[in-house]
Amino acid sequence: MSWRTASWIAAVVVAAAVFLYGALDEGPPKTNADRVRVLAEDFACPVCAGQSVAESDVPVAREIRRQIAVWVDEGRSDSYIRDQLVAAYDVDIDYNPSGSGITSLVWILPVLAGGGIAAVVVGMLRSDRRSVQDTPRPPIAVRRRRWRNAAVWTVAVVVVAGAAGLLVARSSGSRGTDGSITGEIRVTTRELIFEAQRRLGEGDMEGAIAAYDEALEIQPSSAEALTYRGWLTSRRGDLDTAVEYLDDAIAVDPAYPDARLFRAIVALDQGDGSGAASELAVFDSLDPPPYAEELLAQAQVRARVTEARHAAVLQVVDGLAPIEERPAFGETALGVDDALVAAEALAARGDLLDAVQFLDWVLESRPNDPDVLAGRGWLLVRSGDPELLAVGVEYLDAALDADPASPAGLVYRAFARWQQGDIDGASTDLNAFDALQHQPPDLVRLIEAQGLRDAISG
Amino acid sequence: MSNVALGSAAVAAGLGAALMGLGVTGLGLTGHLRSWGRYARQLTFGMAVAAVAAVVVMERALITRDFTVKFVADNGSSTTPPVFNVATLWSALEGSILLWALVLCGYAVAVAVKFRTRGDDPMLAWAMLVMFAVSAFFYALMVGPADPFIAVEVPPGYDGPGPNPLLQNHILMAFHPPILYLGYVGFTVPFAFAVAALATGRLGEGWLAATRRWTVAAWGFLTFGIVLGAWWSYETLGWGGYWAWDPVENASFLPWLTGTAYLHSVMVQERRGMLRVWNLSLVIATFSLTILGTFLTRSGVIASVHSFTESGIGPAILGFFAVIVAVSLALIAWRGDQLRTPGRIATPVSREGAFLANNALFAAFAFVVLLGTVFPLLVEAFDGRTISVGNPYFDRMTRPIGFALLFLMAVAPMLPWGGEGRRPPAELLSRRLMVPMWIAAAALVFSVVAGARGWAALLAFGLGGFAGGAALRQILLAVRRHRWRGLVGRTNGGMIVHLGVVLVAVAFAASQSYVRQAEFDLEAGQPASFAGHEVVYVGSAVVAHENRTERVAFVRVDDAKTYGPAIATYPFASQTIGIPSVRSTLRDDVALAVLQFPEEAGADRVILRVTVQPLVVWLWLGGIVMALGTALSLVPSRSGRRQPTEAAAVEAPA
Amino acid sequence: MNSGGRRRRSLWIALPVAVVAALLVVVLATRDSAFERRASSPILGGLAPPVVGMTVAGETFDLDDWRGRWVVVNFFQSTCVPCIMEHPELVEFDERHSAAGDARIVSVVFDDTIENVREFFAVHGGDWPVVATGAREAAVAYGVTGVPESYLVAPSGVVVWKQLGGVTADGIDDVIARLSAAP
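Protein chains in written order, with this note's numbering: chain W, 1 to 458; chain D, 1 to 654; chain H, 1 to 183.
There could be a bad hint or two in this list.
Dumping the calculated SDA-like pairs for lysine to any residue here, alpha-carbon to alpha-carbon at most 25 angstroms [to be verified]:
1) K30/W - F394/D
2) K30/W - D589/D
3) K30/W - Y158/D
4) K30/W - G273/D
5) K30/W - A456/D
6) K30/W - R483/D
7) K30/W - G451/D
8) K162/H - V175/H
9) K30/W - H32/D
10) K30/W - H533/D
11) K162/H - A87/W
Which stretches of chain H does chain W cover? Using the computed rule of at least three CB atoms under 8 angstroms from a CB of chain W, they are [stated by the list, open to error]:
12) 41–49
13) 142–149
No lab work stands behind these hints: they were computed from the structure. This one's a predicted model, so the numbers in the text were calculated from it and none came from an experiment. Idealized CB from N, CA, C, for every residue including glycine.
Please model the complete structure; the sequences and the hints are all you need to start from.
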């Protein structure tokens with residue numbers, strides 16, 4: 001083996017090995033944004049002259065681009081996206097001609113032409129070699145044979161090239177139903193999130209975190225991955241980083257209950273009771289799915305939020321001067337909600353009298369506030385003492401005089417009347433409450449927790 | 001006198017000169033006029049003077065904002081900046097036809113002067129006849145459906161809308177169309193001589209030799225014009241793209257493909273006397289395709305960003321195309337008996353075999369592009385449906401052809417002409433391709449280490465290294481042997497062009513395969529990092545220009561310079577125009593485009609599209625190398641006439 | 001004889017090329033201008049694509065809840081001049097039918113902010129649902145190409161009519177009358 005042969009072998013081996021490595025190695029993952037760009041280039045902007053959705057800046061192109069991004073983030077396949085766009089804008093939005101029907105010719109004809117050209121070139125090379133011998137006119141038999149040969153070859157080329165063309169049309173003229181040939185995304189965010197959930201189920205927290213990270217690489221705006229990545233981070237104790245993830249998730253999808261729930265829990269862990277309370281309020285307004293409620297109950301979030309809020313407000317109330325020396329409620333920075341929470345907190349501490357006194361002080365400034373009146377009444381109703389109960393009902397009546405549609409007034413009075421044995425009155429109040437446009441969730445929960453409905457109907 | 005009258009007179013005079021030229025050369029051919037050559041020459045001067053006069057009048061009208069000329073009233077504006085005011089000429093249909101006529105007359109004069117020593121050669125007479133006929137057609141367009149000098153009455157204080165905003169926001173617009181036209185129109189010369197050869201029956205290599213340089217020059221202009229066009233769209237359209245298989249881009253690419261095929265196959269005819277019909281067909285096809293392209297883009301049958309609004313010149317141009325094709329085919333059929341080639345190809349593994357393969361590939365390439373461009377029209381005609389053919393089709397169908405061409409580019413220059421090599425071709429190849437093969441391997445290793453993945457891009461890089469190595473080897477050998485003369489002449493210049501092609505191919509593959517794009521919604525002061533770069537939205541400002549109002553977003557890239565992509569509002573345009581800004585380095589480009597400034601009280605926000613693309617600059621550098629190589633190949637190597645065996649001599653140093 | 005054969009051969013090559021070229025020319029010569037071609041919408045005659053989302057007033061909206069009435073689905077943008085010009089016609093149409101309730105309008109925001117839309121309706125009047133979230137899905141599902149653009153959905157839930165550009169109250173009523181008359 002000469003050195004030249006050796007050198008050739010070496011060069012070819014190096015090139016082939018490196019090429020194969022580079023061709024087969026996965027490399028950094030393609031992101032959803034990459035796939036959106038590739039897809040956008042494959043669709044014509046419906047109102048532009050010869051520009052794709054990716055190129056054009058007219059509003060329609062921008063909207064279609066964003067909708068493609070939404071579909072890609074949802075993990076839709078190329079063929080799904082194509083079908084949606086074609087259904088709305090007709091086939092000429094698709095820059096990829098279909099591989100069936102008359103349009104398949106655009107795929108088949110070039111292959112046929114290629115075959116024909118190749119056949120002509122080969123034929124030229126052959127006939128030129130032959131033409132040396134037969135310059136004189138060949139006999140008829142030879143010519144006939146030549147014609148036959150030419151015909152056979154023509155048919156063969158047409159058949160082979162035509163079949164190849166059909167294959168090209170079949171493979172190129174449609175988009176895969178199974179995913180994303182255009183984006184070369186091997187796994188979707190959805191698969192990665194399932195993977196992470198599976199690992200989490202197995203208790204493999206690090207594996208789950210890795211899977212969420214991979215999902216975020218592909219789709220930085222995946223609310224689900226951001227939420228759970230943040231949640232897992234918080235379970236490892238890194239609350240600040242967790243907050244960043246969760247806030248990102250909330251920014252992406254403000255209506256994602258899981259993000260709100262975890263954000264509330266992390267806020268509690270940070271000692272931020274009011275932050276947790278506001279997240280919890282948003283969570284309640286989102287009509288959360290049962291598993292989220294379950295999680296909420298498991299973590300005793302409500303109790304902890306209440307506790308935290310009580311603690312915070314008690315600190316303020318305990319800091320106030322004694323009743324006689326106190327300035328009027330209207331002159332303090334406290335709000336009615338704070339006052340009600342404070343009263344609840346005082347009552348929960350066992351200082352029922354303090355709580356009542358506190359609300360009386362508030363009523364000096366706000367004599368006709370239905371919420372305060374209702375809260376004042378409710379303190380008495382809850383005491384269980386029949387005398388206090390009667391006084392409590394008076395306050396509740398006053399609250400409902402001030403605002404006949406006060407939800408708290410209606411619910412509390414329903415309880416009070418029920419305790420008094422006035423089932424009809426209780427159910428009237430409850431029906432009035434049900435007829436309200438907006439039922440505060442905490443009252444709804446109170447009704448459920450005490451089994452008021454069953455008690456009345458039963 | 002008014003501009004309208006002066007311009008119309010100039011156009012009429014030009015048409016008169018062209019028709020007289022037709023008559024004079026016709027009389028000369030039939031033997032009725034002895035010294036037709038002198039008259040024809042003078043008439044080309046007449047045509048040219050008329051064209052120059054018409055252009056000068058139009059530019060004067062544009063510069064002085066003479067709105068009594070309809071073209072100026074429709075396309076001019078008192079607020080257009082001076083450079084673009086001059087360029088307004090080719091921003092609309094009538095002016096572009098005028099520019100076409102000017103360039104055509106320039107070529108006619110050059111031909112007449114260059115061949116004045118040919119005396120009364122009937123071949124020259126036929127060629128001049130064709131030149132006059134084509135000129136007459138374009139002048140007739142300007143007298144008829146594309147009259148640039150129509151008088152209008154405008155109210156006092158009228159101001160025009162100015163050219164399409166997209167055509168007046170980048171300096172490249174001042175160069176791209178004229179250079180492209182120099183290319184398109186330049187192919188008229190070889191076409192004229194091809195027809196002359198068919199008409200006179202002198203089908204030998206004479207007409208090839210006469211038009212070789214003309215063809216190369218036209219090809220060079222066309223190449224550079226296309227690259228400038230791509231550059232322009234990259235700089236102004238703001239989505240990181242430079243080639244979109246738009247019908248108009250295809251229309252310029254088709255003659256480039258057939259022209260490139262011709263530049264290679266012509267060498268086979270010179271050497272072997274073969275492929276006569278083929279070469280004639282390629283020249284005719286190239287010219288016809290420039291006309292067909294003009295039809296496709298100027299008649300409005302195909303929608304394109306480049307197309308001008310509908311006009312009545314469509315049928316005229318289509319008719320002209322039909323006449324060209326019909327006449328050419330009739331001539332070829334008529335001369336069939338003399339077109340039989342005397343030569344033959346001894347072995348497929350030879351230079352001529354490689355050129356044959358090269359031509360097969362270019363023909364297939366042209367077919368794919370032509371089919372994709374007109375296919376929607378065909379389907380609509382036969383089936384009534386409207387469909388689109390775009391990116392996915394062109395990418396998929398042209399990619400394998402591109403790979404095969406790169407491979408041939410490496411191998412072909414190394415192959416000896418059939419029967420000339422002193423050693424068997426396989427041994428020659430293994431000797432000469434050794435270095436290129438190692439360069440290919442090195443290119444692959446480098447790419448993979450640098451992070452490149454995916455078979456298509458890597459194949460392009462490997463083949464690019466292979467072809468580039470081969471071209472470099474030839475250039476170095478030639479320079480070692482002939483000093484600076486090793487850089488000039490057809491063979492050596494051609495190798496430099498090959499180098500440019502390799503640069504373009506590699507840059508194309510890299511930028512298409514590894515482009516990253518994202519949209520960011522940023523508040524003032526907010527950074528975003530993407531694909532290894534960090535952009536910070538600093539803030540925005542409204543800048544009033546004479547002809548537009550811009551809202552500029554100041555964006556700092558990688559903590560260095562601040563760039564200013566903007567959204568511009570032109571008073572007459574129905575929608576706003578984005579003005580992108582690009583940070584270019586030899587490694588990669590960061591292109592910034594403002595998509596929107598969301599209206600929100602109290603917040604300065606921007607929706608910014610960031611496109612990061614590697615190696616884009618090398619597309620333009622490759623284009624420049626190609627133009628340079630073309631120019632060098634026009635310089636005569638060694639005392640005017642090139643020795644046919646020079647390449648072989650370089651190959652096998654004694 | 002021999003040269004005749006060659007000539008015939010070149011004829012054989014030239015003829016098919018000529019036929020193809022002639023065909024191409026004929027096709028090109030008979031094409032309408034691309035500027036005049038406008039594809040009809042593929043959603044006409046089919047069930048109306050969903051319009052589901054939150055209105056700018058904060059209520060949920062679902063087009064299917066309005067099955068049994070004629071519904072004008074109007075895509076608009078607060079800054080587009082033709083939209084401002086067509087708006088009084090929509091108001092007029094709404095007033096004609098609000099009593100009977102046989103036809104209703106739903107507007108869908110196209111590429112705009114909720115504040116702008118609220119102000120638009122405050123200035124120009126009109127009191128019907130304006131879908132804001134979910135608007136992009138609806139626009140892309142209907143194949144909207146620009147604003148204003150309106151679709152008429154029959155009581156059966158089928159899209160029966162499309163209008164690019166501004167509508168008039170009389171125009172819509174004419175269409176409804178025509179389609180109601182014909183079974």
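Right, here's what the structure says about each hint:
1. K30/W - F394/D: holds (23 angstroms)
2. K30/W - D589/D: This hinted pair holds, its Cα atoms lying about 19 angstroms apart.
3. K30/W - Y158/D: violated (54 angstroms)
4. K30/W - G273/D: violated (53 angstroms)
5. K30/W - A456/D: holds (16 angstroms)
6. K30/W - R483/D: Violated, because 49 angstroms separates the two Cα atoms, which is more than 25 angstroms.
7. K30/W - G451/D: holds (14 angstroms)
8. K162/H - V175/H: holds (10 angstroms)
9. K30/W - H32/D: violated (75 angstroms)
10. K30/W - H533/D: Distance of about 17 angstroms is within 25 angstroms: holds.
11. K162/H - A87/W: Satisfied, since the Cα-Cα distance of roughly 15 angstroms is no more than 25 angstroms.
12. 41–49: holds (count 4)
13. 142–149: holds (count 6)
Hints 3, 4, 6 and 9 from the list above are not met by this structure, while the remaining hints are.
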